[in-house]
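Enquirer: Letter by letter, the chains look like this.
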Amino acid sequence: MVAASAVSDEQARLWAVLADVPDPEIPAVSLVDLGIVREADAAGRRVVLTPTYTGCPATFAIESDVRRALDAAGFGDVRIDTTLSPAWTTEWITPAGRDKLRAYGIAPPRVAGTSAVACPQCGSTDTVEISRFGSTPCKAQWRCEACLEPFDLFKCH
Amino acid sequence: MPSLPPILPRDVARAERMTHAGEHGFDAPVVDPHGAALFEYALRLGDDALILGQRLSGWTGRCPTVEVDLSLANFALDLVGQATHFLGYAGKVERRGRDADRLAYHRDVLDYRNCLLVEQPNGDFARTMARQLLFSTYQKMLFDRLLVSADDFIASVSAKAVKEVAYHEELAAEWVIRLGDGTEESRQRMADGLAWNWRFIPELFDRDDVDEAMAGAGTGTDPTAFRDAYDARIGAVLTEATLARPADQRPILGGRRGHHSEHLGHILSEMQFLPRAYPDAKW
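So the sequences go chain by chain: Y and U. Residue 1 is where the first sequence starts when you use our numbering, and the numbers rise one by one after that. Residue 158 is where the second sequence starts when you use our numbering, and the numbers rise one by one after that.
Excised from the complex, chain Y in its bound form (with noise of 0.2 Å):
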């Protein structure tokens, strides 16, 4: 009973752990939030990490980061995989997750079925693309025809 739950405490810590790790590029959400993190598993000292974009200049400093975390939180001996299989795609984003896109001022990736962009700042639909391309490779410029705010929008992908 006791032992069975020292473990899934540090399932629990595990999770918690890499839920603290932000996106290098995007620091207001977590790898957790992101679905960047496929896999955590405490008894056998594994953690599986997929890759956003395969151009992502990030990816490294995704692992590395996660290393970081790992090591701080006594979790030295976790291994790290990378999967390229399936493929990452931004359905896996979590709600949570896309609140705090929002929050930052990143409109979240549109959900299959829907063609409204909604601004991040003023909550209108009235939006239009600026360009294809953003800051980083996930992000799309659009601007915000009611409050002419531009923001950026996370691709669907």
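Be aware that one or more of the hints could be misleading.
[Unchecked claim] Which bits of chain Y does chain U cover? Going by a derived footprint, with three or more residues having C-beta under 8 Å, they are:
#, region
1, 25 to 39
2, 53 to 60
3, 81 to 95
Quick caveat, the hints were computed from the structure, so don't treat them as lab data. Cβ atoms here follow ideal geometry from the backbone N, Cα and C, with glycine treated the same way.
We have chain Y; now place chain U onto it with these hints.
Expert: Quick look at chain U alone, frame taken from chain Y:
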């Protein structure tokens, strides 16, 4: 006096992990059941992406507008990312200890396997976008088919890359239409850009023994199978751009076997300068 940091238990654990990582998952050595064909195939996929990525990075800071600058820099980033995966895979298949960097920086012209289209000079913006349309349309259709490759690695990279390439194709098509159906000057430039690149299309669909072996194994795909779809798609863009289909010229082949135009040597001399001048450089 400076001293070396002490070796801590976690350093030992890290060293052990690194040794261990070689036996699992991402870093596992790959057994090549198809002899050299899989190595060649992975090189072709990787070299196409690498050389076009290098070409496009030449536009950084020089594009007509900052939005286009961002777009082309991001295309280059996507392509170099694909190249890193495919060349890294080629190195594992080959089992001679070469990684993606080694293959990118320590091969000469004759060992490159990219198609001739991607090594063509950027020319003006119209010519660059014409080349992009012709290549990205091909690459999109190729990855669409490699999604179901029997080779898990190729399938998973394709699944990721196909979404990126869809963006490349869309943006290139928009520019071909905008310039073609634009001013007299932009129209002429786009017509010239298409005419320049047109003779390199047949090479994309030239099937050889590597393609056949890979298609037969379910790893690759027969490029001739999507030639009609390709022509239809390019034709639709040209129609919307109000441009005539350029006249077919005598096709130029050879890139897949290492017979390149003079341009590739110039690309490599720039791209490989640092490792050539400082072979042991680390960063």
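Enquirer: Three residues or more, CB to CB closer than 8 Å: is that satisfied between the region 81 to 95 of chain Y and chain U?
Expert: holds (count 8)
Enquirer: Has the region 25 to 39 of chain Y got at least three residues whose CB is nearer than 8 Å to a CB belonging to chain U?
Expert: Since 0 is below three, the answer is violated.
Enquirer: Quick one: see if chain U covers the region 53 to 60 of chain Y, three-plus residues with Cβ-Cβ under 8 Å.
Expert: holds (count 5)
Hint 1 from the earlier list is the only one contradicted by this structure; the remaining hints agree with it.
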